[in-house]
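S.K.: Each residue of the sequence shown is one higher than the one before, starting from 1 at the first, in my numbering.
These aren't lab readings, by the way, just hints derived from the structure by calculation. This structure is a prediction, so every number in the text was calculated from the model and none was measured. Quick reminder that beta carbons are idealized off the backbone N, C-alpha and C, glycines included. Keep in mind that a hint or two might mislead.
Here are the simulated distance ranges between beta carbons [stated by the list, open to error]:
1. Val55 x Trp203: 37 to 43 Å
2. Gln304 x Asp239: 44 to 50 Å
3. Ser359 x Glu305: 27 to 33 Å
4. Arg115 x Ser366: 22 to 28 Å
5. Trp272 x Val247: 20 to 26 Å
6. Trp54 x Leu15: 37 to 43 Å
7. Leu375 x Pro442: 40 to 46 Å
8. Ala369 x Leu290: 21 to 27 Å
9. Arg233 x Thr402: 30 to 36 Å
10. Thr8 x Asp239: 57 to 63 Å
11. Gly114 x Trp272: 30 to 36 Å
12. Ser381 x Gly277: 51 to 57 Å
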Amino acid sequence: MQDSRHLTWQRTALLVLLALLVMRVVLMYYIPLTDTTEARYAEIARKMLETGNWVTPLHDYGVPFWAKPPLSTWLSASAMGLFGQNALAARLPSLLVSLATLWLTFDLARRHSGRDAATAATLFLAGGLLFFIAAGSVMTDPAFLFCVTLSQVAFWHAMRQPERLWRYLFFVGLGLGLLAKGPLALVLAGLPIFFWVLLRKQWQDLWHNLPWITGSLLMLVIALPWYLLAEARTPGFLDYFIMGENVHRFLDPGWHGDKYGFAHNTPHGLIWLYALGALFPWSIAMLVWLFRQRHQLSALLPDQEGWLLYLCLWTVMTPLFFSLSGHIIFPYSLPMLPGCALLFAELWSRARSPSERSSLPWIAASTGALFGVLLLLNALSSDQFLRTQKAVIAAWQHAQPTQDSALVYWDSRREFSAEFYSAGRAKTTHDAAQLEQLTDHPSRDYLVLNAADRPQLPAELLARFEQVASIPVRKDHILLLRERNGFRTSQVKP
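Produce the complete structure using the sequences and hints provided.
M.R.: Rendered as structure tokens:
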């Protein structure tokens, strides 16, 4: 009877994991790229593929993007080169590296604590809100999470096993992490390890079990050539990226040096609320479980080898570190998730009776169900409630523009989804004189603007255009205008 229930739990967990994977792929296919973050990184990758510049990511044509190293951009650009310039291809690398992160988590738990704990950890990680979102989004964080997780997992194996592979994979993870997000990889992977070694006084083991000289050389061989080449191609990169993005952004709440948007000025400690949101629905389930187990928690905490300590440090060091910063966003809590999944799975497996039914698969499934409902609502809604310009670009393409016609957005901010779906043809301006320059072509040009912004344009300029379509995007109505036949810029110039 116990074997039958155990088999049922494993099968249910596997089915839920497969269902989560299917739901994530469906969302990747049907949900368009949204502004600003995801569409921006997808467009940067598309420009890399178009221009053939694999050294310097481009924020715009001729404008380098210095805010992040290129690992995730390389992956998305390569996927689009193989499968076409579409949202699914741009998102595919995030899914693949997230699956690799799940495997690292599962394998570590299985080796240490058995298959039940491994399955629970995988359910916890795959069914968490932030991990599920990141696993199919064009952003730097999934690749960064894989790199940090690889180093964290490899460190534990290196301290417990004589295998050379894991000892060098620790440095491979750091090298790739430098290409994913920069020095932050060394910090977030290093903090839990440093305090674990400090508290357990295992400095000698740390020195002997990791090949610090050859491993560090391997890390530099992986990352340093790109940093040197990037600085040579666009001088000033190292100063902006190292000092601006990694020092001033972290330490200075009033930093105004962001070249590509704005710094997110947030209260110190907000990362802990973000972490609770990132863990949903597990943040609720864990609190309920801990309350129910409160009388036997002390019996679950024997930790002679330091396993629970390592997982605790892995979980808390990321939010502790970012508590010092006044510039944080929701994905910053991502690196803590594998450690938290392993920690909860370990405690759960220690407390669980073999004959006990488990609700873990259904808790994990709730995340997929939530996004399934959102997908259905999006499909049934007559209004577009996602911030994306895909429908606008579809209307523009339906109007059959000529190759030499312009597509100009009248807006104070760039709509990167418009640039992606128009293959880079969409331009943005909020200056009437520049608008006239951008639409000074023999062919019929196109203008896109919010209906509420129509009074901002000079009447003589608007007279050149006729309305082609009106597209609802969230609460706005976006107008697609086309230049009238026979109407040229020269007709309205003084």
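S.K.: How does the Cβ-Cβ distance of Ser359 and Glu305 compare with 27 to 33 Å: does it lie in that range?
M.R.: holds, 30 Å
S.K.: Indicate whether the distance between the beta carbons of Trp54 and Leu15 respects the range 37 to 43 Å.
M.R.: Check passed, 41 Å falls within 37 to 43 Å.
S.K.: Can you tell me whether the CB distance of Leu375 to Pro442 sits inside 40 to 46 Å?
M.R.: holds, 44 Å
S.K.: Given the hint of 30 to 36 Å, is the C-beta distance from Gly114 to Trp272 inside that range or not?
M.R.: This hint holds: roughly 31 Å between Cβ atoms.
S.K.: Range first: 37 to 43 Å. Now tell me if the beta carbons of Val55 and Trp203 are that far apart.
M.R.: With Cβ atoms ~40 Å apart, the hint holds.
S.K.: Does the beta carbon distance between Arg115 and Ser366 stay inside 22 to 28 Å, or does it fall outside?
M.R.: holds, 23 Å
S.K.: Hint says 51 to 57 Å; check whether the CB-CB distance for Ser381 and Gly277 agrees.
M.R.: For Ser381 and Gly277 the Cβ distance comes to about 24 Å; the hint is violated.
S.K.: Is 30 to 36 Å respected by the C-beta to C-beta distance linking Arg233 and Thr402?
M.R.: Holds - the Cβ-Cβ distance for Arg233 and Thr402, about 35 Å, lies within 30 to 36 Å.
S.K.: Tell me if the beta carbons of Thr8 and Asp239 are separated by a distance inside 57 to 63 Å.
M.R.: Roughly 59 Å apart at Cβ, these two residues keep to the hinted range, so it holds.
S.K.: Holds or violated: the 21 to 27 Å window for the beta-carbon distance between Ala369 and Leu290?
M.R.: holds, 24 Å
S.K.: Please check whether Trp272 and Val247 have a Cβ separation lying inside 20 to 26 Å.
M.R.: Holds - the Cβ-Cβ distance for Trp272 and Val247, about 23 Å, lies within 20 to 26 Å.
S.K.: For the pair Gln304 and Asp239, does the Cβ-Cβ distance stay inside 44 to 50 Å?
M.R.: holds, 48 Å
Comparing the model with each earlier hint shows a violation of hint 12 alone; every other hint is respected.
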